[in-house]
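Participant: Below are the chains, spelled out letter by letter.
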Amino acid sequence: MRGARKAAYPYAVYAFTFFTAPLLLILFYSLTRRGPGGVAFTLDHFARFFDFSNPQYMKVLWNSFRIAFYATALCLLLGFPAAYVLANLRPRWRNFFSMLFILPMWMNFLLRTYAWMALLETNGIVNTLLQKIGLPALQLMYTERAVVLGMVYNFLPFMILPIYNMLIKLDNSLLEAADDLGAAPWQTFVRVTLPLTRPAIFSGINMVFMPSVTTFVISRLLGGTSTPLIGDLIEKQFKLVDDKGFGSAMAVIIMVFILAFVALNGRNEGEEMVF
Amino acid sequence: MRGARKAAYPYAVYAFTFFTAPLLLILFYSLTRRGPGGVAFTLDHFARFFDFSNPQYMKVLWNSFRIAFYATALCLLLGFPAAYVLANLRPRWRNFFSMLFILPMWMNFLLRTYAWMALLETNGIVNTLLQKIGLPALQLMYTERAVVLGMVYNFLPFMILPIYNMLIKLDNSLLEAADDLGAAPWQTFVRVTLPLTRPAIFSGINMVFMPSVTTFVISRLLGGTSTPLIGDLIEKQFKLVDDKGFGSAMAVIIMVFILAFVALNGRNEGEEMVF
Amino acid sequence: MTNSNIIELVNISKSFDGDLVLGSVNLSIRDGEFITLLGPSGCGKTTMLRIIGGFLFPDTGRVMFDGKDITRLPPYQRQLNTVFQKYALFPFLNVYENVAFGLRIKKMPEEKIRARVSEMLELVNLPGFEKRGVTALSGGQQQRVAIARALAADPDVLLLDEPLGALDLKLRKAMQIELKRIQQQADITFVYVTHDQEEALTMSDTVVVMNKGNIQQIGTPESVYNEPINAFVADFIGESNQLEGIMREDYLVEFNGRRYRCVDRGFAKNEPIEVVIRPEDLTICPPEQGNISGIVQTCVFMGQNYAIEVLQDDYLWTVHSIYHAAPGSPIHLYLEPDAIHIMKEFDNDDAYPDDPEEELLAGAEEEEL
Amino acid sequence: MTNSNIIELVNISKSFDGDLVLGSVNLSIRDGEFITLLGPSGCGKTTMLRIIGGFLFPDTGRVMFDGKDITRLPPYQRQLNTVFQKYALFPFLNVYENVAFGLRIKKMPEEKIRARVSEMLELVNLPGFEKRGVTALSGGQQQRVAIARALAADPDVLLLDEPLGALDLKLRKAMQIELKRIQQQADITFVYVTHDQEEALTMSDTVVVMNKGNIQQIGTPESVYNEPINAFVADFIGESNQLEGIMREDYLVEFNGRRYRCVDRGFAKNEPIEVVIRPEDLTICPPEQGNISGIVQTCVFMGQNYAIEVLQDDYLWTVHSIYHAAPGSPIHLYLEPDAIHIMKEFDNDDAYPDDPEEELLAGAEEEEL
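Protein chains in written order, with the numbering used here: chain A, 1 to 275; chain B, 1 to 275; chain C, 1 to 369; chain D, 1 to 369.
Excised from the complex, chain A in its bound form (with noise of 0.2 Å):
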């Protein structure tokens, strides 16, 4: 092993190099400031944004991680279910809806954002139907719950995925057990199965959140400017006002915040991550 072990070192480092390098771009920016004696470091960037006396950003990061929180809570009450189902389907049933599942998750996000927006627009089919049937059509794009919804179907996949795997390669003994020992199957299901499922809870909410928290496209298309989330911010900056500086250190905060969700939910998981 050894040889081959060296042979795949060089590629390794230049692709750990080709990943790190924008995140340290990052830092860097996000700690210095171009001045007319050439770079200079500087914490300014941060204190603009944790300015108590104007806490318009602050009040942005905070109503990024409520809309993450509702997206997430949202894609664990349907995505459960889902791969709990999915998991107790026969095989051949089993591989036929993951596939579905697993379909769209090709598709380019935004591509599936923009036809689920055909979906809620004003004269979309929703309100279409609505109106058939005789009922007021609903102000549905624009909302804070669109946005809610495009999160969820965009980050449900991440949610099923791992939870779905967990599950069929649980134990059955551990189920006969439970139920074996006087437990009925709602007992099993909350001593047992939830209990054994846990990691993959952990890792979905891991891998539906931080994205939440971080989309742009979706609260743009889908919420307009009805709430601007975080990841707005820093597309802005990077790409309208052109200031590197205080954009980057905006991803630097969130990706510290992002880092301390996952380690507070990594404690709780052990050893097992899922991903």
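Hints are not guaranteed to be accurate.
With the Cβ distance kept under 10 Å, some of the chain B side facing chain D (calculated, not the full set) [to be verified]:
| # | residue |
| --- | --- |
| 1 | 173 |
| 2 | 174 |
| 3 | 175 |
| 4 | 176 |
| 5 | 178 |
| 6 | 180 |
| 7 | 181 |
| 8 | 185 |
| 9 | 187 |
| 10 | 192 |
| 11 | 195 |
| 12 | 196 |
| 13 | 198 |
| 14 | 243 |
Take a look, some chain A residues computed to stay more than 10 Å from chain B by CB distance [as the list claims (entries may be wrong)]:
| # | residue |
| --- | --- |
| 15 | 32 |
| 16 | 53 |
| 17 | 54 |
| 18 | 56 |
| 19 | 82 |
| 20 | 93 |
| 21 | 127 |
| 22 | 195 |
| 23 | 196 |
| 24 | 253 |
| 25 | 265 |
These are computed hints drawn from the structure, not numbers from a lab. Predicted, not measured: the structure shown is a model, and the values here were computed from it. The beta-carbon is built from N, C-alpha and C at its ideal position, and this holds for glycine as well.
We have chain A already, so just place chains B, C and D on it with the hints.
Facilitator: Using the frame of chain A, we list chains B, C and D on its own:
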């Protein structure tokens, strides 16, 4: 279990509908046209795409596949060694480095791409460094190469993760058996490690190739107008031209190609789908 | 042990994907006995246990428990508990919580649970292990926690599915003694599944020998060993010399070209029969006392005795003796009349297969069900 | 079997994470012999095998092969092959390609490979299995393919790591005979690792009994069984009665309050010693011939014989006899002088542990290395 499964069904059905509705909608758009007499069935959208007298759309499709192929090949070339090195590290380092690979994935991928742009821009880091050592600045942005690099950067983890997951589960006694039977390290690698990780490699190829074919953000940001991809075309139909029919038809076409690709790939894989 | 039956299986049969795994089995289990289902992999013994436990429902027949029909009752409504082959301890709970699992379901008050758990851990020789995580325990310790957990709910019957299969030989022997002690101390019925005939003989009150989905013989360890009902049982339980023979008249049998006195009667004159002789029933003796003679082929040391192969004409006898015999030398053996076991010509299908692995494979498939 | 040594281990020691697993072991393996490393889990036997195979390098000492130092040679450069505990067949290759694996590496021409593979499959009794996928085979068949694969490269030594551990009892016995046949037919050296003393006794030319990283005794099966060098060996190989005693004078020993003639001499007067007596060496006899008497406590049928527990004063004797003895009745036993094995007071540390599971755990850790 029966009880728990029954309780889960409504949620699963809901998740499923929620998930497939947009897909069905796209299929519906692609096969209909809004005329004066209401909605009518048509194959015009497809005919327009496969117009052999004016193969502009097919050319774009071909370009999308070609570029996605480059990106996938590069991902494999970098990803396999990276996964291999990662899997052979001591557990403590392994967790640290795999964290570093996973970390950027939690960041929204557009933000990652902006960071990447900062590196490649005409006045970006790379060119600044080149000029510092007296070399001429390079046109790095808005080229096909930049698009490929952007894809590799964004999708590399999807190649690394399944291979890495497979490698750490590899039965060490099989490698020892090959060693025992006279295979030098590189022979063991070629004759045992590679065949054993084939399913993961195919999985990784799927996971990189799919989004590469359909992406449009990467090509727009990094490629400018140099090489329009099929994803750009679809987005334009939805967003600018508002020809949902034609956009949907292209989405359907690309889905069919992707399904064919996966099926072809899956045949070699047998049962062990890794994702 | 009383004489009333606690479990009765009536005409139980079961197929998987069209393969008959159990064919119309009847069995009565007495209250308080240690009964062992013994047979090669794939013989249906595990399926039978799982039907008693409620994890499988039979295609036909009834399962009676204390006179009540429980055929369709799910496991959690049955008054019996199972010790699973691979322990099936809950990895996320410690020893205490594992043993307390069934009691918590029953909503027993906490101080009673505490008392019961320590009583059980005392019984299985693991006092003070309450706070340990189960995954950190050794195989034998996990086994004992599984037994404590199953016994905690005070079942009338304990089902044990090859519980010692994963253990070391020496440890297995120690656990056999311990299991027997636990069964007598707790005074409940044990239904034990194993493919290890030594285990079955040393532990059981009753041995049920099974093959290909059918019960071959039911009896005490002595009776199935000393009076096997057919060649399969003879061969599966201990080693044996098997020969074809002819019953010349009552008390006179002919095999390998010679006539021997025996203790069997009631066969037709000149009826072809099957002769089974245990290797340890052949005694090395001086030439004038012997009734079998031959040439020693091999002599292998087995610990307590030597396994000697003796060629007489075309037949290769296996002899167990505490004495060594030099290969190549002549040897004389004495065979007592009551050591000659005579049985009707057996159906070849029921014999232990020449390629036992086909059975194994069948067993592997069964496990997955 | 010749008298020249093919493998020599010189002062081999090995630690994992500071735990000494092998402590300065010396061992010579003769060309063509069937040698078995026997001991409880965690005794270091697997570590020793892996050092011979080249999968582990020792911390100190040398491994000599045919007179050459191969201590630091990787496995693929060693003239020996291994049969792994869990077979380690390549799942993506069929039987033919598995057996041919080593030959292809050697770039043997295809027709030679074909001949060699069929020869090997013939040897392991699997002719015609070439095209089968290995995952569809039964445990015993996979085992045989693994042996064929290891033998195909024509090694001088075959290392076998508990190859029968995963098999059914009956199948294990059949494979024991087959392995012995293959070894004799192929005429190569087998180094066999097991924790099953019966396996070790029946198959080996030489048995190496190990405990806690040290070799306890090396000898023929008869010598380690009949003349165990210490209490650990006596206890691990077969059952035994162990008592403390005092050597009153040459040929006279006292234990359990009585004096017995024996065949040992050379101890100091009144030296405390350890007495080991095999259960089958105690013979039931009429009262006037006995030199041990007591009350029968239990009598368990074991197949070939009964295990009888006899209480004499405070000591509980274990007796193996083909005769039944009724619990509660008095019994008289005769003990021959040469059945009394006397050894120096042993270091308790070397005895087989009361809680063998601690050893098991240590073993489990070892496996992972």
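Participant: Among the hints numbered above, which are violated by the structure, and what are their numbers in rising order?
Facilitator: 14 and 19
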